[in-house]
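K.L.:
Spelled out from the first residue to the last, the chains are:
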Amino acid sequence: SQQGEEDPQALSIQEGENATMNCSYKTSINNLQWYRQNSGRGLVHLILIRSNEREKHSGRLRVTLDTSKKSSSLLITASRAADTASYFCATDRRSWGKLQFGAGTQVVVTP
Amino acid sequence: GAVVSQHPSRVICKSGTSVKIECRSLDFQATTMFWYRQFPKKSLMLMATSNEGSKATYEQGVEKDKFLINHASLTLSTLTVTSAHPEDSSFYICSARDPVGARQETQYFGPGTRLLVL
Chain U
1 SQQGEEDPQA LSIQEGENAT MNCSYKTSIN NLQWYRQNSG RGLVHLILIR SNEREKHSGR
61 LRVTLDTSKK SSSLLITASR AADTASYFCA TDRRSWGKLQ FGAGTQVVVT P
Chain G
1 GAVVSQHPSR VICKSGTSVK IECRSLDFQA TTMFWYRQFP KKSLMLMATS NEGSKATYEQ
61 GVEKDKFLIN HASLTLSTLT VTSAHPEDSS FYICSARDPV GARQETQYFG PGTRLLVL
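Chains U and G supply the protein sequences, listed in that same order. Going by the working numbering, the first residue of the first sequence is number 1, and it counts up by one from there. Going by the working numbering, the first residue of the second sequence is number 1, and it counts up by one from there.
It is worth saying that the hints were derived from the structure and are not from the lab. Fair warning: there could be bad hints in the mix.
Quick list of in silico lysine-lysine cross-link-like pairs, DSSO-like style, CA-CA up to 27 Å [to be verified]:
#  : chain 1 : residue 1 : chain 2 : residue 2
1  : G       : 64        : U       : 98
2  : U       : 98        : G       : 66
3  : G       : 55        : U       : 98
4  : U       : 70        : U       : 98
5  : G       : 66        : G       : 42
6  : G       : 20        : U       : 98
7  : G       : 41        : U       : 98
8  : G       : 42        : U       : 70
9  : U       : 70        : G       : 41
10 : U       : 98        : G       : 42
Far from chain G, some chain U residues (derived; all Cβ distances over 12 Å) [to be verified]:
#  : residue
11 : 14
12 : 27
13 : 61
14 : 64
15 : 66
16 : 77
17 : 84
18 : 110
Ideal placement from N, C-alpha and C gives every residue a C-beta, glycine not left out.
With the hints as extra help, turn the sequences into a complete structure.
P.N.:
This is the structure we're talking about:
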């Protein structure tokens, strides 16, 4: 069963703008991870946030986690055309590596 | 960072044939690998956990006789789609974790294998 649900399903922005996408999940987790997938390709790991963490940064990426609301957000600042991709959240309930993926958000950044 | 490869990247086969997909960890040893399936414009669905030297653990609803998994070494797991049918057409992706690396919880994904069954 799918653990995470993401919104929006699709997002179209211009270069330089920020992109925010959200992920909600249903059960308790050990960590939550965000991945990027370019069309027809494999997944690239972006950032991992543990259940005892509230916010993490990596370059232009900012991830928040609210375990009380069972939700996470991914913010991409100053977006670039190269950020065009699908973004997925994935939850790991017991840190065993069995990831449950959300539906994904398709982001298009236009020059 | 750790690298995971898959072979082949794309395969077209006739209905009824079997197809083997390889997943290799190139610069680390992976006692556990994972196999996912992705339909067009959809999310990834975990199919099974591949354990080196032991039987794979399948997720509910995944037919173990249909999707045979073998993890014969610490760097190789194979997924064989047996007697493939058009509904098996999909994008299959494997992943692995580096158990001794600094980022042990991070999963490294292969580039995926696109299977088309005619």
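K.L.:
Does each hint fit the structure? Answer for all of them.
P.N.:
Consistency of the hints with the structure:
Of the supplied pair hints, the one linking residue 64 of chain G and residue 98 of chain U holds, its CA atoms being roughly 17 Å apart against a limit of 27 Å. For the given pair, residue 98 of chain U sits about 21 Å from residue 66 of chain G by alpha-carbon distance, which is consistent with the 27 Å threshold. This hinted pair checks out: residue 55 of chain G and residue 98 of chain U have alpha carbons roughly 16 Å apart, not beyond 27 Å. With a C-alpha separation of about 18 Å, the suggested pair residue 70 of chain U and residue 98 of chain U falls inside the 27 Å cut-off, and the hint holds.
Our distance criterion of 27 Å between C-alpha atoms is met by residue 66 of chain G and residue 42 of chain G, whose separation comes to about 22 Å. The hinted pair formed by residue 20 of chain G and residue 98 of chain U meets the criterion: a straight-line CA distance of about 22 Å does not exceed 27 Å. Between residue 41 of chain G and residue 98 of chain U the alpha-carbon distance is near 21 Å, which keeps this suggested pair within the 27 Å criterion. Our distance criterion of 27 Å between C-alpha atoms is met by residue 42 of chain G and residue 70 of chain U, whose separation comes to about 22 Å.
As the CA atoms of residue 70 of chain U and residue 41 of chain G are separated by approximately 25 Å, the hinted pair is consistent with the 27 Å bound. Proximity of residue 98 of chain U to residue 42 of chain G is assessed by CA-CA distance (about 18 Å); at most 27 Å being required, the pair is judged to hold. With a cut of 12 Å on Cβ distances, residue 14 of chain U stays outside the contact zone with chain G, its closest approach being about 23 Å. With a least CB separation of 15 Å from chain G, residue 27 of chain U remains clear of the 12 Å interface cut-off, as annotated.
With a minimum CB-CB distance of about 15 Å to chain G, residue 61 of chain U clears the 12 Å threshold, and the non-interface call stands. For residue 64 of chain U, the shortest C-beta to C-beta distance to chain G comes to about 18 Å, beyond the 12 Å cut-off, and the non-interface label holds. For residue 66 of chain U, the shortest C-beta to C-beta distance to chain G comes to about 20 Å, beyond the 12 Å cut-off, and the non-interface label holds. Distance check for residue 77 of chain U against chain G: the nearest CB is about 22 Å away, which clears 12 Å, and the non-interface claim stands.
With a minimum CB-CB distance of about 15 Å to chain G, residue 84 of chain U clears the 12 Å threshold, and the non-interface call stands. Every beta carbon of chain G lies more than 12 Å from that of residue 110 of chain U, the smallest distance being close to 20 Å; the non-interface claim holds.
The earlier numbered hints are all upheld by this structure, with none contradicted.
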